[in-house]
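Sequences listed follow chains H and W, in order.
Just so we're aligned, residue 3 is where the first sequence starts under our numbering, counting upward by one.
Just so we're aligned, residue 177 is where the second sequence starts under our numbering, counting upward by one.
Read the hints as simulated data drawn from the structure, not as lab findings.
It is possible that some hints are incorrect.
[To be verified] Below, in silico cross-link-like pairs of lysine to any residue (SDA-like), each with a Cα-Cα straight-line distance of 20 angstroms or less:
id: 1; chain 1: W; residue 1: 228; chain 2: W; residue 2: 238
id: 2; chain 1: W; residue 1: 228; chain 2: W; residue 2: 240
id: 3; chain 1: W; residue 1: 228; chain 2: W; residue 2: 419
id: 4; chain 1: W; residue 1: 228; chain 2: W; residue 2: 239
id: 5; chain 1: W; residue 1: 228; chain 2: W; residue 2: 218
id: 6; chain 1: W; residue 1: 228; chain 2: H; residue 2: 168
id: 7; chain 1: W; residue 1: 228; chain 2: W; residue 2: 420
id: 8; chain 1: W; residue 1: 228; chain 2: H; residue 2: 179
id: 9; chain 1: W; residue 1: 228; chain 2: H; residue 2: 166
id: 10; chain 1: W; residue 1: 228; chain 2: W; residue 2: 210
id: 11; chain 1: W; residue 1: 228; chain 2: H; residue 2: 55
id: 12; chain 1: W; residue 1: 228; chain 2: W; residue 2: 215
id: 13; chain 1: W; residue 1: 228; chain 2: W; residue 2: 249
id: 14; chain 1: W; residue 1: 228; chain 2: W; residue 2: 214
id: 15; chain 1: W; residue 1: 228; chain 2: W; residue 2: 243
id: 16; chain 1: W; residue 1: 228; chain 2: H; residue 2: 312
id: 17; chain 1: W; residue 1: 228; chain 2: W; residue 2: 425
id: 18; chain 1: W; residue 1: 228; chain 2: H; residue 2: 240
[Claimed, not checked] Just a few of them, taken from the derived set where beta-carbon distance is under 10 angstroms, the chain H residues facing chain W:
id: 19; residue: 58
id: 20; residue: 66
id: 21; residue: 144
id: 22; residue: 145
id: 23; residue: 151
id: 24; residue: 173
id: 25; residue: 175
id: 26; residue: 177
id: 27; residue: 292
id: 28; residue: 294
id: 29; residue: 318
[Stated by the list, open to error] Incomplete in silico selection of chain W near chain H, CB under 10 angstroms:
id: 30; residue: 195
id: 31; residue: 238
id: 32; residue: 254
id: 33; residue: 274
id: 34; residue: 276
id: 35; residue: 445
id: 36; residue: 455
Just so you know, these numbers come straight off a predicted model, no measurement behind them.
Note that the Cβ used here is the ideal one computed from N, Cα and C, for glycine as well.
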Amino acid sequence: MSGPAPAATVAPPPAPAPRRRGRRAPSYAYVAPPATRRAQRRLGIVFVLPLVAMVAVFLLLPMASAVYYVFVDFNGINPQPPFVGLANITEVFGDPEVYDALWNNVIWIVIGTLAPLLLGLGLALLLTQVRRGSVFYRTVFFVPFVLPQVAVGVVWGWIYAPSRGWLNNVLEAVGLDAFTTGWLGNPDTALYAVLATAVWSQVGFVFVIFLSALRNVDVDLVDAARLDGANGAQRLRHVVLPQIMPVLLMVFTITLLGGFSVFDIIFVMTGGGPAGATEVLGTYAYSSAFQLNRISYGTTLALLITVMAIPFAVWLNRLQRRTSLEGGAT
Amino acid sequence: MSRGVPQGRPRTSRAWAGLGARHLVLGITAAIMLFPIVLTVSTALKTPGDVKVNPFGLFTSFSTANIESAWTTGDFSSYVLNSFLLSVPSTALVVVLSTLGGYAFARLPFPGRDLAFYLVVVGLLVPFFTYMIPLYFQLRGMGLLDSLVGTNLVLASTGLSFGTFFMRAFYSDLPTELEQAARMDGASEWQIFLRVMLPLTTSAVGALAVFTFLQNWNNFLVPLLYIPSGEYRPLTTGLYLFLGGRSVDIGPLAAGTLITILPVLVLFVTMQRQVTQGFLSGAVKG
Numbered sequence: 003m004s005g006p007a008p009a010a011t012v013a014p015p016p017a018p019a020p021r022r023r024g025r026r027a028p029s030y031a032y033v034a035p036p037a038t039r040r041a042q043r044r045l046g047i048v049f050v051l052p053l054v055a056m057v058a059v060f061l062l063l064p065m066a067s068a069v070y071y072v073f074v075d076f077n078g079i080n081p082q083p084p085f086v087g088l089a090n091i092t093e094v095f096g097d098p099e100v101y102d103a104l105w106n107n108v109i110w111i112v113i114g115t116l117a118p119l120l121l122g123l124g125l126a127l128l129l130t131q132v133r134r135g136s137v138f139y140r141t142v143f144f145v146p147f148v149l150p151q152v153a154v155g156v157v158w159g160w161i162y163a164p165s166r167g168w169l170n171n172v173l174e175a176v177g178l179d180a181f182t183t184g185w186l187g188n189p190d191t192a193l194y195a196v197l198a199t200a201v202w203s204q205v206g207f208v209f210v211i212f213l214s215a216l217r218n219v220d221v222d223l224v225d226a227a228r229l230d231g232a233n234g235a236q237r238l239r240h241v242v243l244p245q246i247m248p249v250l251l252m253v254f255t256i257t258l259l260g261g262f263s264v265f266d267i268i269f270v271m272t273g274g275g276p277a278g279a280t281e282v283l284g285t286y287a288y289s290s291a292f293q294l295n296r297i298s299y300g301t302t303l304a305l306l307i308t309v310m311a312i313p314f315a316v317w318l319n320r321l322q323r324r325t326s327l328e329g330g331a332t
Numbered sequence: 177m178s179r180g181v182p183q184g185r186p187r188t189s190r191a192w193a194g195l196g197a198r199h200l201v202l203g204i205t206a207a208i209m210l211f212p213i214v215l216t217v218s219t220a221l222k223t224p225g226d227v228k229v230n231p232f233g234l235f236t237s238f239s240t241a242n243i244e245s246a247w248t249t250g251d252f253s254s255y256v257l258n259s260f261l262l263s264v265p266s267t268a269l270v271v272v273l274s275t276l277g278g279y280a281f282a283r284l285p286f287p288g289r290d291l292a293f294y295l296v297v298v299g300l301l302v303p304f305f306t307y308m309i310p311l312y313f314q315l316r317g318m319g320l321l322d323s324l325v326g327t328n329l330v331l332a333s334t335g336l337s338f339g340t341f342f343m344r345a346f347y348s349d350l351p352t353e354l355e356q357a358a359r360m361d362g363a364s365e366w367q368i369f370l371r372v373m374l375p376l377t378t379s380a381v382g383a384l385a386v387f388t389f390l391q392n393w394n395n396f397l398v399p400l401l402y403i404p405s406g407e408y409r410p411l412t413t414g415l416y417l418f419l420g421g422r423s424v425d426i427g428p429l430a431a432g433t434l435i436t437i438l439p440v441l442v443l444f445v446t447m448q449r450q451v452t453q454g455f456l457s458g459a460v461k462g
């Protein structure tokens, strides 16, 4: 459920609420009498006050502190940390471990975004072409996504176990003994082994979203293309894909931004090891802050993740809004 | 206009073969998706001796000894309780505050509405990562570290931005005529919300509740950070602690994993429609 959590890292919302097909958006063209307006104002403030208070204390306040931490040297104890200016930021740029972690993040984002997207789309397309058992398949494909990442990490640890693990057993059984290895202990394979686990747990989410997008595809257009002699691939490329483009971009945004803040699954399965082979910015920020007591440095690293993710979020959101304006299905 | 990718009964033998191939691919995928869960159940329910001889093999014996040892010596009984104490109040808080807030932002004109809304949805843009470290020291300063209250408040606040955004979208969709008619009949603003609008969005509220509960139950980082002494350790961090002594006790570890995922699986399978619909409308609207 964490990893690319759909809730936590969704793209910035457009100001007007998205409309649902066939329903009317509220209009305030009707002018309420002053007594009603006063009552609405009062109720509105009462309804929003506790919400805003909680957000202010537990979101906005620590966000502001995060920015403050970057410019001081806080070790977690000193109540009056010394001002250090840009020292934390310059250290980040001179830290080779940051570049290694960043590179792992890049690999993670590229594969971890594309693989679920393609697999999820492929499975959804397949499922639209069968009738029997579609509820079963849908439920089963979605199950991994609702499991806690810790549990997922534990079980995949057994599959990857060096001796008598399932993956090695299967490889031996089919005569590929040469490829057996301690998947999570080998620096060459560890990142990809954890990534495969993450893809396993994310693909169901992508799949379910594509499935509903495909339900909204205009069949008449697909049929018309078929009559015009378009083959399956052409129909997909020119008729189906353009219609689900807004959804595709939305899924792309969610998985991409989730890739920046990946933590749970790596922390549980390898803790960033072996020898930093699976270290990403998230695990590095965590260990800097809570294991080395370098609170300010850890916070600077965490902010770096956000600063890097924001341009992507803005760009994708703009792209998404443009495609949906061009009249794709939702 | 018809919607959805066309389906039909295959007419030729080639089409039947195609259908068979599709089911084969879907079936193999389903097996890969289910295998880790089957492995958990089978390892958890083997005899401890069998686990030693054949740690990762599927069922060859049956015993509840692993479950019992995880439950008692592994302390999973208290983790289960803590998981509930950390997910139920935080979920209730998210659902109530997001519903009220979502309604107000969608239907009630009040001064500062747009500014307040943007402040609340900032949480959708900024990942938890950014502020998790300062939040630790802030909670320590407030005396809320290692406490059920503090952890619940943090869990709730991480879900509020999405919840408010989600509920606002639903309330925005309802027609204005409804509240005007109710107002003509003499209903107060509070009655309009409680008797007219709220009942129309119960399915959205339910989807938000299930979704938020799963998020909070599965949350790993928040209890890991803000319950450092482990006094109210939930299943997720409890399982992680258990993992520390890995390779030694695979039986009880499997049992602990089973205990951790069982409530999620039961909730998901019984509420399958609501969960996927909730995720869907959340993602599509959000």
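Going down the list of hints, with the structure as the test:
1. W/228 / W/238: Within the cut-off at roughly 14 angstroms; holds.
2. W/228 / W/240: Within the cut-off at roughly 15 angstroms; holds.
3. W/228 / W/419: OK: residue 228 of chain W and residue 419 of chain W at ~17 angstroms, within 20 angstroms.
4. W/228 / W/239: Holds, because 14 angstroms separates the two Cα atoms, which is no more than 20 angstroms.
5. W/228 / W/218: Holds, because 14 angstroms separates the two Cα atoms, which is no more than 20 angstroms.
6. W/228 / H/168: Holds, at about 16 angstroms.
7. W/228 / W/420: 18 angstroms, holds
8. W/228 / H/179: 24 angstroms, violated
9. W/228 / H/166: 12 angstroms, holds
10. W/228 / W/210: 24 angstroms, violated
11. W/228 / H/55: The hint is violated at about 54 angstroms.
12. W/228 / W/215: Cα-Cα ~15 angstroms, so holds.
13. W/228 / W/249: Since the Cα atoms of residue 228 of chain W and residue 249 of chain W sit roughly 19 angstroms apart, the hinted pair holds (cutoff 20 angstroms).
14. W/228 / W/214: Answer holds: residue 228 of chain W to residue 214 of chain W is near 19 angstroms, not above 20 angstroms.
15. W/228 / W/243: 16 angstroms, holds
16. W/228 / H/312: 49 angstroms, violated
17. W/228 / W/425: At roughly 9 angstroms apart (the allowed maximum being 20 angstroms), residue 425 of chain W and residue 228 of chain W satisfy the hint.
18. W/228 / H/240: The given pair, whose Cα atoms are some 57 angstroms apart, is violated under the 20 angstroms limit.
19. 58: 7 angstroms, holds
20. 66: 8 angstroms, holds
21. 144: Hint on residue 144 of chain H: holds, closest Cβ of chain W at ~6 angstroms, below 10 angstroms.
22. 145: 6 angstroms, holds
23. 151: 6 angstroms, holds
24. 173: With a minimum Cβ separation of about 14 angstroms from chain W (threshold 10 angstroms), the hint on residue 173 of chain H is violated.
25. 175: 13 angstroms, violated
26. 177: 20 angstroms, violated
27. 292: At about 8 angstroms, which falls below the 10 angstroms cut-off, the nearest Cβ of chain W leaves the hint on residue 292 of chain H intact, so it holds.
28. 294: 12 angstroms, violated
29. 318: 12 angstroms, violated
30. 195: At 7 angstroms from the nearest chain H Cβ, residue 195 of chain W passes the 10 angstroms test, so the hint holds.
31. 238: 19 angstroms, violated
32. 254: With a closest approach of 17 angstroms, the residue 254 of chain W hint is violated.
33. 274: 7 angstroms, holds
34. 276: At 4 angstroms from the nearest chain H Cβ, residue 276 of chain W passes the 10 angstroms test, so the hint holds.
35. 445: This hint holds: residue 445 of chain W lies near chain H, its Cβ roughly 7 angstroms from the closest one there, short of 10 angstroms.
36. 455: Residue 455 of chain W check passes; min Cβ-Cβ to chain H is 6 angstroms, inside 10 angstroms.
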